[in-house]
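2 protein chains.
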Amino acid sequence: MQAAYDALHALLGERFTTGASDRALHGQSESHFADMPPDGVAYPQTTAEVAALVSICAAHGLPVIGWGTGTSLEGHALAPHGGITVDFSRMNAVLQVSADDMLAVVQPGVTREALNTELRATGLFFPVDPGANASLGGMASTRASGTTAVRYGTMRSNVLALEVVLADGRIVRTGTRAPKSSTGYDLTGLFVGAEGTLGLITELTLRLQGQPDGISAAVCAFDDMDAATQTVIMTIQSGIPMARIEFIDATFVRIFNARHGTDMPEKPHLMVEFHGTPQGVREQAESFGNIVADMGGSAFQWAEQAQDRARLWSMRHNAYYAARAAWPDAYAITTDVCVPISKLAQAVRETADDIAASGIPGPILGHVGDGNFHVLLLPHRDDPAQMAKAAALAHAMADRALRLGGTVSGEHGIGMGKLRYMDREHGAGWDVMTSLKAALDPHGIMNPGKLLRQP
Amino acid sequence: MQAAYDALHALLGERFTTGASDRALHGQSESHFADMPPDGVAYPQTTAEVAALVSICAAHGLPVIGWGTGTSLEGHALAPHGGITVDFSRMNAVLQVSADDMLAVVQPGVTREALNTELRATGLFFPVDPGANASLGGMASTRASGTTAVRYGTMRSNVLALEVVLADGRIVRTGTRAPKSSTGYDLTGLFVGAEGTLGLITELTLRLQGQPDGISAAVCAFDDMDAATQTVIMTIQSGIPMARIEFIDATFVRIFNARHGTDMPEKPHLMVEFHGTPQGVREQAESFGNIVADMGGSAFQWAEQAQDRARLWSMRHNAYYAARAAWPDAYAITTDVCVPISKLAQAVRETADDIAASGIPGPILGHVGDGNFHVLLLPHRDDPAQMAKAAALAHAMADRALRLGGTVSGEHGIGMGKLRYMDREHGAGWDVMTSLKAALDPHGIMNPGKLLRQP
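The listed protein sequences correspond, in order, to chains A and B.
Here numbering that gives the first Met the number 0 is used: position 327 in the first sequence is 326, and no number is missing along the way.
Here numbering that gives the first Met the number 0 is used: position 316 in the second sequence is 315, and no number is missing along the way.
These are calculated hints, taken from the structure and not from any lab test.
You may find that some hints are simply not true.
[Stated by the list, open to error] Just a sample of chain B residues kept apart from chain A, beta carbon distances all over 12 angstroms, derived: (1) Gln-1; (2) Ala-3; (3) Gly-60; (4) Asp-100; (5) Leu-102; (6) Asn-115; (7) Glu-117; (8) Thr-196; (9) Ala-226; (10) Asp-262; (11) Tyr-320; (12) Ala-321; (13) Ala-331; (14) Gly-358; (15) Lys-388; (16) Tyr-420.
[What the hints assert, rightly or not] Stretch by stretch, here's where chain B covers chain A in the computed footprint (C-beta under 8 angstroms, at least three residues): (17) 112-124; (18) 405-413.
Treat the numbers as computed from the prediction; the structure is a model and nothing was measured.
Glycine is no exception: its CB is placed at the ideal position from the N, C-alpha and C atoms.
With the sequences and hints as input, model every part of the structure.
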């Protein structure tokens, strides 16, 4: 081990450390996993350094774990087998913005907010918005999505090309700057969502979108959850090109009112946004408004100005932290299921019934236009019975998503948290993943303990 | 070999044949490749039969080649190493249409036109339109796209889930019916575009689109090619959601006028289609019209009625056959490059200059909204000097696409025809593809001779 550390020090100088505080920091996660620190932390500045450090780790059989901002929710960046965490915070340059080709080339440590700040003067933006100010390398690795995926797609459709360092230190470039290609296996698509188990992403070419001329956002209330979710189903089926359509339940509304001084009625709400031409946005809002009215929803409360919209979505994005703050003694279990749109109302209703019966706080929200929703389960941390019940609730949600033809994760990924469902969701497909992993990382050094069948 | 044939006969009865006419039929292609017939042809009716026949082939080391409608342009379905061609024409059932989830489940032999006929009453349609009435299994395997990809994406984004028979006879299901997922490697995306080299697709779950309330189509003429391609670049950069934006050069216009009795001016044209609400379509047409006028293009000639639009696109789809008929003594070489949109005008201009200098007929058209265009090179078949020049022109196009940051195939694929460019386009990425291939098909029985580095 010391030989590996010596080689890493020789390569990176002070940018490789085995110090306790760096290790501790990179052994934590935002979710409910125990701390699992790595043996050392590297802060590379170039792809060549990443390739060299992976080669050193490969030579010594040391695990390699990528680290963006640490906002993953399924323990993706923990080090259950030790090894070296590669922190990309010093590879945070926007390398190129091509307004003509509507794309940006970035290093993996750039966060989505930093990129959008950089793009402000161009009239373009990067649409994928998981809430957290995550790094783009991390977002690609977990196939992140969030509030705008209903309109602009997930990371899968917004990453055009990648540079990746493989487990043996080889540097591979996937994709081109052309909008499409039919030249062999879609390696870009393979590395997006691979959670760092096939290689480390060292550069991304991202599709950008033009800022729409017209944007408007609104909230509306419903007397019950079913009316809200049925409204979503009808809206998606009618093809209205919603830019955002988010569900929040009455509990989240209560939390928001208390925390942010809003005065929304304590009922289930939809938070929506329309993008298009000014006239197009009016048409969309009118079509959506007709469905809302048919379902007994309230009139829209509009967020007229840009800062009103920013406040609205900031409130939504901070929902997780707001709920945790509202139950300071609770342990937080984040769930993330995604069902076919026709099953959304049933899935939410049955989930809400289970939560009500359990007596455990479990506010619900979701990117419901994709059939994707989350419950934040908040059992009291010192109550083993509540903890067991919460685990059972989370399990029932995953089980229900699979029964309804859906998936156990819409956007958070597998990491260490959802390995138990992979066999049921994928069957022989999980074996195929394991074969692909063995082909590209035969010694299993890339982010071990995650996503794949464990040896 | 006889043992394998006996087993296949026992499995499929008369639906397995080694007869000369079936073999000959499956040894031809629509492009310029020599005939390469298989040793036998199988016509399975179920996934179980496909799995059993692949297992028999695996046991005897026999190549397995998938066959849809035989419309591939790069020799994908030829049998350069013999083996068994699996003709999916008897697996042509639309298994399910879910209007609620806007998806269809189909067998691989269903053609895109058959699916759209089946969908007519639902108000939904399947948008991917490569021109040929190809099978959906084949379209997935070559990652087909075509005229509507600029709006609706390629097969990559329109296939939600697959059932695949692997080289060892295992049956794997990929994806779910939920609109998105973050549960491991994107196997669906890996099999789409794999050209049958990783397995045989036996079932597809496809995303459907709602028929837009408003559709309008038009053509407009430009004095020169550059004005037309610059119009495309500006249109795409301005974010007008074109449903189709196709370029045809003056030569194709002359061919169309002669063959179809149209009276378009013999100049470069754009053929366009708008989808949306009636008001939205008007807005789009107006925005596009402003760009056309700025670039000196003509007023639109509208295709008002559905049958006018059908005639327009049928003319476009038959361009390949029309050009071949116009030069009956020519050998036809179809090219297919795709460049970043900002490089479109340069790529088309330089290509046109090369063709003019060569003296060989080479009409140009393309799905230019994606940066994708084709030249149909038509050297006289008995003129070796023209044949050599045509090959050099095709090579120069591929070379230019790579230099401009693009790809050697936008939609036709690699097959046998473009192997020579894989190293330059992908470098180490091609080795990665070869590793993945070896992992899933260690004995190399799935469609050998295509896409991958050849042993």
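**OP:** May I ask which of the numbered hints given earlier this structure violates, with the numbers listed in increasing order?
**Re:** Of the numbered hints, 4, 5, 8, 16, 17 do not hold.
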